[in-house]
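Given these sequences and hints, build the entire structure.
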Amino acid sequence: MITPVAEVGYAEATWILIAKSIVIFLGVFLIVPVLTVVERKLIGRFQHRYGPNRVGPVGMMQPLADILKLVGKQVFRPDAAVPLLYAIGPALVIFSGITTIAILPFGDVKDGVGFYGIDVSIGVLYFFAFGSLAFYGLLLSGWSSGSKYSFLGAMRSAAQLISYEVSMGLALLGAVMMAGSLSLVSIVEAQGEIWYVVPQFVGFLIFMIAGFAETNRAPFDLPEADAELVQGYQTEYGGSRFASFLLAEYLEMFVVSGIAAAFFLGGWMGPGPGWLDPIWMVTKIMALIFVFIWIRATLPRLRYDQLMSLGWKVLLPLATLNILVTAVLVVVT
Amino acid sequence: MEEIAFFAGAIGALGGAIAVIALRNPFYSVLALIVHLISLAGLFLILYAEFIAAAQIVVYAGAVMVLYLFVTAYVGGVEESIWEPIPGQRFLAPLLAAALFIELSIAVVGTALKAVESTGPTIPADFGSPGSIGELLLERFLVVFEAASMLLLIAAVGAIVLAGRKRERETVPARGAGR
Chain A
1 MITPVAEVGY
11 AEATWILIAK
21 SIVIFLGVFL
31 IVPVLTVVER
41 KLIGRFQHRY
51 GPNRVGPVGM
61 MQPLADILKL
71 VGKQVFRPDA
81 AVPLLYAIGP
91 ALVIFSGITT
101 IAILPFGDVK
111 DGVGFYGIDV
121 SIGVLYFFAF
131 GSLAFYGLLL
141 SGWSSGSKYS
151 FLGAMRSAAQ
161 LISYEVSMGL
171 ALLGAVMMAG
181 SLSLVSIVEA
191 QGEIWYVVPQ
201 FVGFLIFMIA
211 GFAETNRAPF
221 DLPEADAELV
231 QGYQTEYGGS
241 RFASFLLAEY
251 LEMFVVSGIA
261 AAFFLGGWMG
271 PGPGWLDPIW
281 MVTKIMALIF
291 VFIWIRATLP
301 RLRYDQLMSL
311 GWKVLLPLAT
321 LNILVTAVLV
331 VVT
Chain B
1001 MEEIAFFAGA
1011 IGALGGAIAV
1021 IALRNPFYSV
1031 LALIVHLISL
1041 AGLFLILYAE
1051 FIAAAQIVVY
1061 AGAVMVLYLF
1071 VTAYVGGVEE
1081 SIWEPIPGQR
1091 FLAPLLAAAL
1101 FIELSIAVVG
1111 TALKAVESTG
1121 PTIPADFGSP
1131 GSIGELLLER
1141 FLVVFEAASM
1151 LLLIAAVGAI
1161 VLAGRKRERE
1171 TVPARGAGR
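Going down the list, the protein sequences come from chains A and B. The opening position of the first sequence corresponds to residue 1 in the working numbering, with each subsequent residue numbered one higher. The opening position of the second sequence corresponds to residue 1001 in the working numbering, with each subsequent residue numbered one higher.
Mixed in with the good hints there might be a few duds.
Stated by the list, open to error - Here are some, though not all, of the chain A residues that point toward chain B, as calculated from beta-carbon distances under 10 Å:
| no. | residue |
| --- | --- |
| 1 | Y136 |
| 2 | Y304 |
| 3 | Q306 |
Claimed, not checked - If you want the ones that stay clear, here's a sample from chain A, every Cβ over 10 Å from chain B, calculated:
| no. | residue |
| --- | --- |
| 4 | S21 |
| 5 | V23 |
| 6 | L161 |
| 7 | W294 |
| 8 | P317 |
No lab work stands behind these hints, which were simulated from the structure alone. Glycine residues also receive a C-beta, built at the ideal position from the N, C-alpha and C atoms.
This is the structure we're talking about:
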C-alpha cells in the first residue's frame, strides 16, 4: 500500500484506488456523449424544433456519429501557431475536468469502498486547485493559436475566470462553515436534517451564477461568443482537438453541478435503500444540468461591462454579506 | 515512492526556476514560473502540508500567475531597452544574490544538518490539515495574521484609488477633443 501523502477520510487499498480511477475515466466518456445529445434535444424542444432524430433510435446515436466525424478529420495547425503549446492547451482543459470529478461523492463507504474518487481533507480546495489549471488550457490555446480572435477570447476568459472564481469560493464558504469541514463527504453527511439549499439559498444562487461564468456557458459565454469572436480561444482548432474542448465544457458543467448538488442539495441523500445513493446523486446532477441548458436556451448573452459589474459589484458583496451573516448565526446557535 | 515524488518535484522546481531567468520570451518565463510553483506544491504534499499545497496552487498558480500571464500576453514581444532601466543593476544584483546565498547557507549550516541522519520529527495526526492551520492562524499567530490582512486591504484600496483617479483624468480631455 502506498503511504498517503495527504490526509484522507477513509484509507483504501491501492488496487481499489486504481480501479476507481479507471471507472472515473470510463465514466467521463459515457457522461459526455449523453450530455451532448440531451442538450441538443432539449435546445431543439425549447426552440420548437425536433433536434437530432435521424441517427439511431430517437437520435440517441447522434454523439457517436459526431465523435467519429471529428476524430476522422485531418489534424492541422495554423502556420502562426506555437506547436507544443497549441497541443497542450486542449489536453490541460480535459485533465483538469477529469481530475475534479474525483472528489464528487456518489455515496459513503460501503463494504470498504468509498463511492467517490478520493475524500481529501482539503476537499473543495482540490476542486479550485485543479479547476484553476483549466484556465491555463484556455489561455495557452488562445495565445498559441496566433490568431486575433483566439487571443481576444483567451483574454476575455482570463478576466472572467478571475472575477467569478472569488465569488464562487465565497459562496461555498457559508456551507463549509455550517458543516465545519471542507470534505465533501462530511458536508453531505452534515445535511441529514436539512439540505443547505434552504439556509444557504443566497450561497446556492451565487454559486450557480458564478458556475455559469466559470464553465463559459450562456449567458456568460463571452470567451467564445460566436457572433463576435467566431469561437474565441478555440477558433483555430479542428478535429479531435476541437472535440476535446467540447468534452471539457460538458465535463466542467457536470463537475459544477456535482459540487452544487453535494454542497446544497444533500448529495447522495434521498429516500429508499442505500444502493439508491449514487442514483440520487446522478439525478440531482442531471436536474442541475437541465437548469444549465434551460438558461442557455432562454437568456441572451451579457455585454462585457455588464458581466464585469455583475461579478464585482453584485455577486462579490452579496457573497461576503452571506458569509458574515452565516458566521454570526453559526456562532450564536 | 516518496523519493521518486521528491526528485520529480525538485527537478521541476529547479528547472522551472532556472528557465524563468534563462528564457528570452517573457511569456515562456511566466510559464516556467508556473511549472516551478506547481512543483513546489508537490513538494509541500510530500511534507504532509496538503492545505499549503492546495493554497499554493489556488493562490499563486491560479490567481497571481494568471495576472502575470495576462500582462505578458498583452505587452509581450517588446524589445529589451538598450540602456539599463535601473542604474547599477549589473553590479548590485550579483552582490545581493551572493548576500542572500551566504545568509541561507548560514541558516542551513546552523542546523548542523542533524536531520539528514534522523528519520524526521514525529508529527501529530492532523498536521497540515485545514483545521490545524486555522487554529494556528487564529490563535497563536492572530496578531501577525490580522496585520497581514490589514496590509492587503490597504493595498487593495490603494489600487482602486489609483485606477479611479487615472480614469477621471483620461475621460475629461477625450470629451473636449471633439474630432
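Quiz item: Quick check: which numbered hints come out false for this structure?
Solution: Numbers 2, 3, 6, in rising order.
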